[in-house]
Amino acid sequence: MITRYVANRLLQSVVVLFGAIAISFALTNLIGKPADVIGGAYMSQEQRDALNVRLGYDKPLLTQFVDYLKSVATGKFGISYRDSEPAAGHVLAALPNTVVLVVTAMLVAALIAMVLAVFSTRHREDRWDRALRRSIGMLQGMPEFWLALMLVLIFSVEFELLPSFGFTSASALILPAASLSLPIIPTLFRVFRGQLLDVMSGEMVQAMRGRGLSERVILYRHALRNIAGPSSTFAALQLGYLIGHCLIVESIFAWPGIGNLMVSSVQARDFAVVQAIIVVVAALFILLNLAADLVVLITDPRVRVGAS
Amino acid sequence: MTDHVLAASGRKHRPGAVSLRAGGWSAGILVGLSLLGRLVLPDPNSQDLSAGFQPPLSPGHPLGTDMLGRDLLAWCARGVTTSLSIAAAVVLISALSGVLVGAVAGYAGGWTDSVLMRIVDLQLAVPPLLIFLAASAVIEPSVTSMIVLLASVGWVPYARLVRARVLVERERGYIAAARLAGARTVSILFGHLVPASATPITVFASLHVGFVILSEAALSFIGIGLQPPTVSLGFMIAQGRDQLAGAWWIVTMPGVVIVMLIVAANLIGDGLRDRFRLDTGETL
Amino acid sequence: MTDEVLRVEELTVKTDLGVDVVADVDFSASSGRLLGLLGETGAGKTMTARATLGLLPPGLRARGRVRFVDQEWIPLERPDLIRRHLGLTAGLMLQNPMGAFDPLQRVGPQMIEAVVRNGLMTKQSALSRASRLCDELSLGDAEQVFRLYPHQLSGGMSQRVALALALMPSPRLLVVDEPTSALDANLRVDALRLVQSLAQKTDMAVVIISHDLGLVSRFCDEIAVLYAGHLAETGRTLDVLGSPAHPYTRTLMSCSLRLEGPSRTTLPTIGGEPPGPGQWPQGCYFHPRCPDAVDQCRRQRPVFASSRDRARGAACHFARLEESA
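Chains as they are written, first to last, in numbering that gives the first Met the number 0: chain A, 0 to 307; chain B, 0 to 283; chain C, 0 to 324.
Check each hint, because a few of them may be wrong.
[As the list claims (entries may be wrong)] One side of the interface only, derived from the structure: several residues of chain C facing chain A at Cβ under 7 Å:
# : residue
1 : Asp-2
2 : Leu-54
3 : Leu-85
4 : Gly-86
5 : Gly-98
6 : Pro-102
7 : Ala-113
[Said to hold, decoys possible] Each pair of labels, with its calculated beta carbon distance range:
#  : chain 1 : residue 1 : chain 2 : residue 2 : range
8  : B       : Arg-274   : C       : Arg-83    : 38 to 44 Å
9  : A       : Leu-106   : C       : Glu-3     : 52 to 58 Å
10 : B       : Arg-274   : A       : Ala-267   : 49 to 55 Å
11 : B       : Pro-55    : A       : Gln-63    : 52 to 58 Å
12 : A       : Leu-106   : B       : Ser-113   : 30 to 36 Å
It should be emphasised that the hints constitute simulated quantities derived from the structure, not laboratory data.
This structure is a prediction, so every number in the text was calculated from the model and none was measured.
Ideal placement from N, C-alpha and C gives every residue a C-beta, glycine not left out.
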């Protein structure tokens with residue numbers, strides 16, 4: 000039964016990945032002949048045409064697409080036009096840095112959101128809970144790039160506590176991760192809290208109270224474990240959002256990750272790298288989500304052991 | 000039966016009233032001030048190099064000026080209208096197209112539905128910001144391109160919402176009755192199914208406004224969004240980025256305004272959600 | 000020997016906004032006997048039971064008092080005090096037997112969790128008690144059952160395991176909530192027969208909350224009929240259903256079809272619907288639907304009156320309460 004689920008998901012993932020490849024292809028090739036955009040006003044028409052041929056952009060679109068698919072399948076994403084190195088290499092070098100940042104931010108946000116959700120459940124509807132929920136709403140409105148700059152202002156400029164440039168040390172992770180994680184805490188909090196409240200007002204908890212189990216035991220030893228699965232699944236879905244906004248945060252902190260690479264490639268019109276990034280990011284998201292879902296499934300005895 | 004009694008119990012006002020009032024007032028004040036600003040304040044784009052880097056509370060510049068002498072209060076006030084008008088346009092277009100697609104996909108089912116769901120997955124997997132960034136390489140930044148870009152991604156959640164609602168509603172008795180009575184598909188779709196989704200759509204739309212404001216600010220910040228003479232709050236934040244040490248207000252002021260706008264939109268969205276007691280799905 | 004295990008007096012449940020959900024209910028349960036709380040959906044029977052056990056959901060408040068066995072009266076406004084009896088003197092069994100369990104844990108640890116945590120027995124003695132209960136309830140190999148996850152139990156098994164779970168602390172009182180929906184008919188009967196025999200064997204009092212007249216008439220020794228949040232009638236099942244004192248009970252009885260009756264009759268029903276909380280009519284709450292209502296019924300709310308030996312009671316101006324034989 001698990002294998003059928005996995006097969007299904009893989010199939011869906013392939014479709015989505017294909018879509019991502021198609022999009023990245025479409026963006027760069029359909030909207031305008033790249034050489035025209037690269038060269039722009041600085042080249043004559045013959046030079047632009049020559050460039051187009053050199054980069055292979057003169058062939059019919061379908062041929063180009065098929066060629067592209069073939070090369071992606073073999074892991075070749077084309078050549079970066081800036082330094083003639085394989086685009087894949089650039090992306091793979093920058094990938095780990097982004098992954099570190101995104102995963103850290105996600106873990107921090109999930110942890111804080113869960114702690115707050117538990118607090119909100121225990122103090123349900125009293126004034127502390129209401130104050131908490133009102134103030135969390137404020138966080139949601141913050142653009143992470145602005146938050147990043149404010150944090151830099153306070154911690155780097157005014158008090159010179161934390162580094163704000165590049166991936167120099169572990170402490171350099173703090174400000175970027177904070178800027179990324181704070182804005183998603185409200186969403187995670189709201190969902191975790193909803194799930195927790197649902198469980199706490201459900202049958203299982205009623206029965207447990209009926210047996211004389213204390214609220215604390217019910218909450219920590221049963222309720223939390225029961226929402227771990229759905230919470231993780233939801234959190235994993237936020238990764239896409241996080242990766243997207245990581246772009247901006249990276250450019251602020253000069254973090255050597257994919258975001259920065261993307262920005263510089265876009266500015267330099269280095270299409271091979273841009274395409275590679277889109278596909279890799281999609282693949283990353285799909286993989287991480289698949290992994291998260293599988294972990295959740297495998298740890299659920301209802302799936303693992305099956306009905307008698 | 001006791002459910003609705005329980006639902007109404009323990010509340011002194013109608014649910015969501017506090018949020019709605021707070022959000023409504025904040026939004027109203029911001030919009031009001033912004034419109035007032037058009038009449039009273041100087042042109043945000045007018046530069047005065049001799050008055051550059053004025054800190055807040057300087058004479059004639061309550062919020063200070065940027066490096067080119069542009070008045071920040073005027074800039075922020077005008078930025079509010081820019082953000083809100085773009086948000087309104089995007090939300091409107093997204094909602095209309097999304098609802099259409101979602102209704103058709105949900106009602107017809109089959110492969111139109113599968114295609115829609117794959118698109119939803121795709122949108123989750125490939126961060127829109129990434130696409131925008133890539134697109135900016137080939138598109139000239141302008142208000143129109145910004146609206147098109149944001150709407151091209153923004154319709155998906157509406158489609159998903161409406162589809163989910165339609166899937167539930169189409170099995171209901173009154174739809175079968177309508178079909179038997181000979182009602183045409185179009186009228187079923189727009190007369191019954193779409194109105195049934197009206198409330199979740201409204202709730203999501205108000206939250207979507209905040210999201211669009213954020214996206215536009217982010218895009219303008221990295222430089223692929225709006226540029227002068229269009230007045231964008233995100234753009235000004237980018238301007239002030241290198242001046243953080245010396246002139247912190249250039250970054251702070253527009254940011255605070257963005258936060259206020261989004262918080263207002265979210266308050267309204269939360270209030271609406273509470274009022275209609277909705278469970279609009281985890282992704283919201 | 001039948002002594003009183005539970006007595007509830009003047010139980011009232013209101014919402015935080017002051018809307019009455021249940022008003023002024025009294026009842027009691029004695030060891031070895033089954034009391035049925037009968038009422039339609041929305042009559043307030045679930046809230047009554049919840050209030051008695053201190054398990055009201057947020058947004059509702061209770062007034063009145065409750066007493067377990069011969070202990071001190073506990074005000075219903077103090078659910079925290081009442082809850083101390085849960086898992087000790089009082090046990091609860093819910094509609095869906097499978098719903099009592101944490102799906103992520105095996106059955107065994109969950110059986111002993113509550114009693115061990117509450118200090119009633121050691122882990123060892125809890126395990127042996129659990130095994131003994133499984134034997135008594137014909138659950139086969141206890142060790143094997145304990146190793147299973149809740150979803151692996153079949154319908155009938157899960158009902159018995161849930162029962163065993165509720166019986167672990169040897170409660171004096173067992174409250175069974177709507178033992179009707181989640182199971183097939185034969186399983187239902189099985190389960191209730193088990194409960195009945197256990198009650199008599201262990202001198203345990205049972206309160207069964209149900210809307211199923213057939214079920215209550217078959218298994219309960221005593222019955223309390225609830226309508227629109229009020230007590231309509233109480234007494235021994237035989238008396239109440241044999242010669243009902245309240246028009247509602249009378250109409251309920253006439254609504255049930257008999258095997259011996261004519262085969263082609265129209266289904267008898269009571270017109271209209273029971274009033275929900277906040278919609279209780281003036282005067283007698285049943286008068287709009289009562290076939291015997293007169294002017295007085297519209298003007299004056301009947302007081303619940305008991306027969307001299309308190310074995311019977313009804314809230315109707317025209318109730319004739321014969322002393323039980």
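For each hint, the structure was consulted:
1. The criterion of a C-beta within 7 Å of any C-beta in chain A is not met by Asp-2/C, whose closest approach is roughly 23 Å, and the hint is violated.
2. Hint on Leu-54/C holds. Least Cβ distance to chain A is approximately 6 Å, under the 7 Å limit.
3. With a least beta-carbon distance of about 4 Å to chain A, the hint placing Leu-85/C at the interface is held under the 7 Å criterion.
4. Interface restraint check for Gly-86/C: the shortest CB-CB distance to chain A comes to about 2 Å, inside 7 Å, so the restraint holds.
5. Here the hint on Gly-98/C is kept, as its CB sits about 4 Å from the closest CB of chain A, short of 7 Å.
6. For Pro-102/C, the interface hint holds, since its Cβ comes within 7 Å of a Cβ in chain A; the closest pair sits about 6 Å apart.
7. For Ala-113/C, the interface hint holds, since its Cβ comes within 7 Å of a Cβ in chain A; the closest pair sits about 4 Å apart.
8. Separation of Arg-274/B from Arg-83/C is about 39 Å and conforms to the stated range, judged on CB atoms against 38 to 44 Å.
9. Look at Leu-106/A against Glu-3/C: about 57 Å separates their beta carbons, and that is inside 52 to 58 Å.
10. Checked against the given bound of 49 to 55 Å, the beta carbons of Arg-274/B and Ala-267/A, roughly 50 Å apart, stay inside it.
11. Distance hint check: the CB atoms of Pro-55/B and Gln-63/A are about 54 Å apart, consistent with the given range 52 to 58 Å.
12. Against the hinted window of 30 to 36 Å, the Cβ-Cβ separation of Leu-106/A and Ser-113/B comes to about 34 Å, which satisfies the hint.
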